[in-house]
Structure formats: C-alpha cells, structure tokens
Amino acid sequence: MLSAHIARKLAWLQHCTVTQALTAFTTISELKQFHAHITTSGLHHHHHHFITAKLLIFSALSASPDLNYAQTLFNHAPSPSLFMFNTMIRAEQPINSLQFYIQMLRSSISPDHFTFPFLIKSCSASLDTVVGRQLHSHVLKLGFGFDVFVVNCLIDMYSHCGEMGCARKVFVECFDVVDVVSWTTLVTGYSGCGNVDLARKFFDSMPVRNGVSWNAMITGYARSGFCIDKARELFDEIPERNGESWSAMISGYSQCGMCVEAICLFREMVGLGIVPNVGAIVSAVSACAQLRSLEEGMWLHSLIEERELKLNLTVGTALVDMYGKCGSIERALFVFNDMPVKNVMTWNSMIAGLALNGYGKQALSLFWRMQIVGAPLNAITFIGVLAGCSHSGLVYEGKRAFEVMIQEYQIEPQLEHYGCMVDLLGRAGLVQEALDFVDKMPVKPHPGLWGALVNACRIHGDVKLGEELGKHLVELEPNHSGRYSLLSNIFAAAERWDDLATVRNLVKNRNVVKSPGNSILKT
DNA sequence: CTAGGGTTAG
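Mapping of the first sequence onto the UniProt record's numbering: position 375 corresponds to residue 375, and the numbering continues sequentially without gaps.
Note that these hints are calculated values from the structure, not bench results.
Ideal placement from N, C-alpha and C gives every residue a C-beta, glycine not left out.
Treat the hints loosely; a few may be bogus.
[As the list claims (entries may be wrong)] Pairwise CB distance ranges (calculated):
1) E240 with K444: 48 to 54 Å
2) N96 with V18: 16 to 22 Å
3) P65 with G243: 25 to 31 Å
4) I95 with A7: 23 to 29 Å
5) L140 with V373: 45 to 51 Å
6) R496 with G327: 34 to 40 Å
7) L140 with R8: 42 to 48 Å
8) R496 with E233: 37 to 43 Å
9) L303 with G327: 44 to 50 Å
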C-alpha cells in the first residue's frame with residue numbers, strides 16, 4: 001500500500017515538466033527510496049514509461065547525477081522511448097552519447113530535432129570533428145539541416161574544434177534560418193581562435209544584438225590580450241547592462257592581471273545597488289588573491305556572508321585560494337573545513353596555500369587525507385605537495401611523493417614538477433644530486449631551473465659549480481638581468497671582487513635592462 | 001526536453 005504522500009508525488013511526476021522533475025528530489029538516495037516504494041507496490045505499471053522517464057531525468061541530469069543508476073533505470077525499461085534515449089544521450093560522457101545513439105538506431109527509433117543538439121554538443125565537448133562531420137551528414141540526410149537549434153550546435157561544434165571555415169560555411173548555407181544565437185556563436189568562435197578583429201566585424205554586422213552578444217564580444221576582447229581597453233569601451237556602450245555584463249568585465253580585468261580595475265569595478269557595481277552574481281564575486285576574490293590584498297578579500301568575504309550566499313563550491317574555493325595567498329592560513333582552513341562539498345581545485349588551493357606559507361608537513365598530511373577520503377587528485381595537487389616539501393626541507397617526503405605521483409597515479413611529471421624537485425634537492429644542499437636529476441630529465445631544462453641550482457650553489461658555498469652554471473645561464477639568456485645577478489651573488493659570496501666587476505661591466509656593455517620583481521623560479 | 005555570454009587551483 002502506498003502512503004498518501006508517495007501517491008501524491010507519483011501523480012505529480014506523471015504530469016510535471018522536465019524542469020520540475022529536476023526539483024522532485026533533493027538527493028539520489030531520496031529518489032532510490034521513492035523508486036523502491038513504487039516498484040514494490042505494483043501500482044507503477046500503469047504509467048511505467050512516464051515515471052521511469054522522470055526518474056531518469058533526475059538521476060541523469062541533476063546537479064550531482066548518478067549515471068550508473070540512470071543506466072539501471074534505462075536498462076529495466078521494457079522498450080525505452082525516444083525521450084529516454086535523448087535523456088541518456090544528453091547526460092552521458094561524449095563517447096557513451098554516441099553509443100546510445102547507435103543503440104537507438106539499432107532499435108529502429110529515429111532521432112528527432114532534440115536528439116541532434118545533444119549529440120553534437122557532446123562532440124564539441126570532446127573536440128571530435130570526425131564524429132561531428134558524420135553526425136552533420138546524418139543531420140542533412142534526415143532533414144534537420146535547417147533546424148535553427150541544430151544549425152547553431154553545428155556552428156558551435158566546428159568553432160570549438162577550430163574549424164572556423166566549416167562553421168562559417170554552415171552559417172552561410174543556413175543564412176535564411178540563422179538568428180541572434182547563430183551570430184553570437186560565430187563571434188565567440190572567431191574571438192576564441194584568436195581572430196578578434198573578424199569577430200568584431202561579425203558583431204558589427206549583426207542585424208540584432210542582445211545582452212548575450214554584447215557580453216560575448218566583451219569576453220572575446222578581454223581574453224585576447226592587449227584588447228582589454230576595447231572590452232571596456234564596449235562595456236561602456238552597452239545599451240542594457242545586466243549582471244552578466246558586469247561579471248564579464250570584472251573577470252576580464254582579473255584574468256589579464258588588472259586587479260585594481262577589477263576590484264574598483266566590483267565596488268562600483270555594489271555601490272549602484274546591483275546584486276553581484278557568483279561570477280562577479282569569484283572574479284573579485286581572485287583579483288584580491290593576485291594582489292595579496294587580505295583586507296579587500298575580507299571585505300568581500302563579509303559581503304558574501306551578509307547576503308547569506310551559501311558557501312558555494314566555486315566561491316568557497318576562491319576564498320580558500322585568496323586567504324592562502326594572502327598569508328592567512330587560519331582563515332583559509334576555516335573556510336575549507338566549512339565547505340560541505342569540495343572538488344580538486346578546493347583541495348589543491350588549500351595544499352598550495354599551506355605550502356606557500358611554509359606549512360609543508362600540513363600540506364603533506366592534507367595530501368594523505370585526500371587519498372584516505374578518495375578525493376580525486378591531479379598533476380596540480382603534486383605541484384603543491386612538492387612545493388611544500390621544498391620550502392620545508394622535507395627531502396625524503398618530496399622524493400616519495402614524486403614516486404607516488406608517477407607509479408601510483410600514472411601522472412606524467414611536467415616541467416613544474418621537475419622544477420620543484422630540483423629546487424627541493426638544491427635547497428637541501430644536494431646540488432650534485434640535483435644535477436644528476438636534471439641530466440635524467442626527459443624534458444629540456446628550463447632556464448629558471450638552472451637559476452634555482454645556481455642559487456643553491458651560492459647558499460651551500462659550491463663556488464666552482466655555481467660559477468660554471470651561472471656563466472652557462474648568462475649565455476643562455478643574455479638579456480635577462482636576473483641571470484647576471486645570480487652570477488654576481490656567487491662572486492660576492494666568494495669575495496671575488498674582480499670577477500664581480502667583470503659581470504657588472506658585462507651588464508653595462510650589453511645594455512641589459514633591469515626587469516624588477518623577477519622571481520627565481522617563475523621566469 | 002534542445003542552442004550563444006558568465007568562475008575557482010599551478
């Protein structure tokens with residue numbers, strides 16, 4: 001017997017929309033309980049398809065989907081409907097989307113005008129032009145070549161794959177049906193592949209523009225480097241500025257390093273009484289992190305709390321990063337521990353923050369905790385861990401982490417990982433071991449890496465090797481002032497004033513311009 | 001039920 005509550009929900013599910021179905025439950029386990037109730041009652045047979053489809057929507061498309069459960073629901077449906085196939089194609093990973101499509105064709109179900117947008121979108125996510133082109137020919141054969149949704153997905157797919165010629169061809173061939181979305185997609189495509197000027201020409205030729213088109217062009221300029229002023233010009237010209245326009249401009253400033261401008265614009269927005277969206281807040285927090293501006297960051301944090309904005313995953317991660325970079329490890333840990341849901345970036349931000357502030361051991365223990373709780377980790381996690389070991393002189397632990405990365409996680413070391421290792425060994429005085437390590441590296445050593453070694457030689461008094469490496473480095477980058485300083489420091493430490501004078505003359509004669517703020521490892 | 005803009009780690 002069904003309880004009244006379950007029966008009511010069952011009736012509602014049969015008639016609700018897709019959007020409503022997504023709010024039907026709070027978690028997958030609640031859905032499973034509900035599903036168990038109705039399958040044991042036997043009442044569900046009357047409307048089996050409707051109910052399964054709605055359950056499928058929730059398990060496949062909700063914020064935290066359970067694709068295994070979706071697959072089970074799908075497999076138990078006696079003959080899955082076109083709608084169910086579409087839902088699976090829409091939810092699955094790119095490769096599986098295609099498999100559902102093939103299975104669909106084998107069951108003699110024809111795709112409809114909803115099927116292709118989902119399918120093509122999976123190709124643009126996986127940058128798969130081969131399958132993309134095949135689907136394109138299916139689209140034409142089956143008569144969906146002038147469906148504006150399908151057309152726009154094709155333009156987007158070719159743009160994402162860097163095939164602007166094809167994208168434009170679709171646009172031109174379908175000129176009778178294209179709309180403001182098609183134009184905007186093309187603008188985004190051209191600016192995304194580095195052709196902002198052409199993007200702007202299309203933007204200027206648009207018969208109609210809406211807020212999204214303006215924001216797309218602003219973002220295109222902001223991400224193209226050296227065009228941030230043009231982005232601002234457009235931002236000032238927008239006829240109707242929405243919250244997303246503000247966040248596009250603020251994130252543009254933040255991403256190109258104009259952090260003061262980003263924060264000023266954020267303050268202006270708040271001053272005008274406009275409620276900042278998550279994107280604007282995250283960009284502003286990121287700007288504070290880059291500026292190492294703790295006070296400003298704390299102001300943003302209090303603003304977030306005042307508005308009772310839940311500690312969203314992205315906002316929380318940005319705060320952890322900001323507090324870590326600004327040196328307030330207690331606050332970073334407080335936010336971190338307070339976050340119910342974390343992802344790789346959250347963990348990585350926390351580990352990097354600990355490492356940066358000299359808490360190598362704590363960074364390591366957080367790294368072990370990640371493994372215990374089964375949190376996903378990636379190559380960037382190890383950059384934090386290794387940097388932590390390096391700053392805290394944890395040579396053995398660093399070497400161990402490096403091995404774990406390669407052997408247990410099959411992560412190919414990047415230049416950054418090698419840099420950390422050389423730094424780790426060099427700082428610990430194991431200069432010869434560091435040199436051997438560099439010799440065995442499969443990648444070409446970065447000049448910054450030699451710099452770390454020269455520094456290590458100076459600290460540990462190995463003048464002969466330091467001089468040799470330092471001279472090598474100076475010839476490798478003769479226009480980099482920092483390289484001469486390293487060599488000078490070696491001679492100064494050894495009190496070889498004549499040689500020091502020679503280096504200074506070399507700098508003068510070669511007209512090397514000083515570039516301030518060059519850190520040893522970054523350049 | 002479908003398309004374009006908007007955010008975090010090195």
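**Asked** In ascending order, which of the hints set out earlier in this document are inconsistent with the structure?
**Response** As far as the earlier hints go, 4, 8, 9 are violated by this structure, in ascending order.
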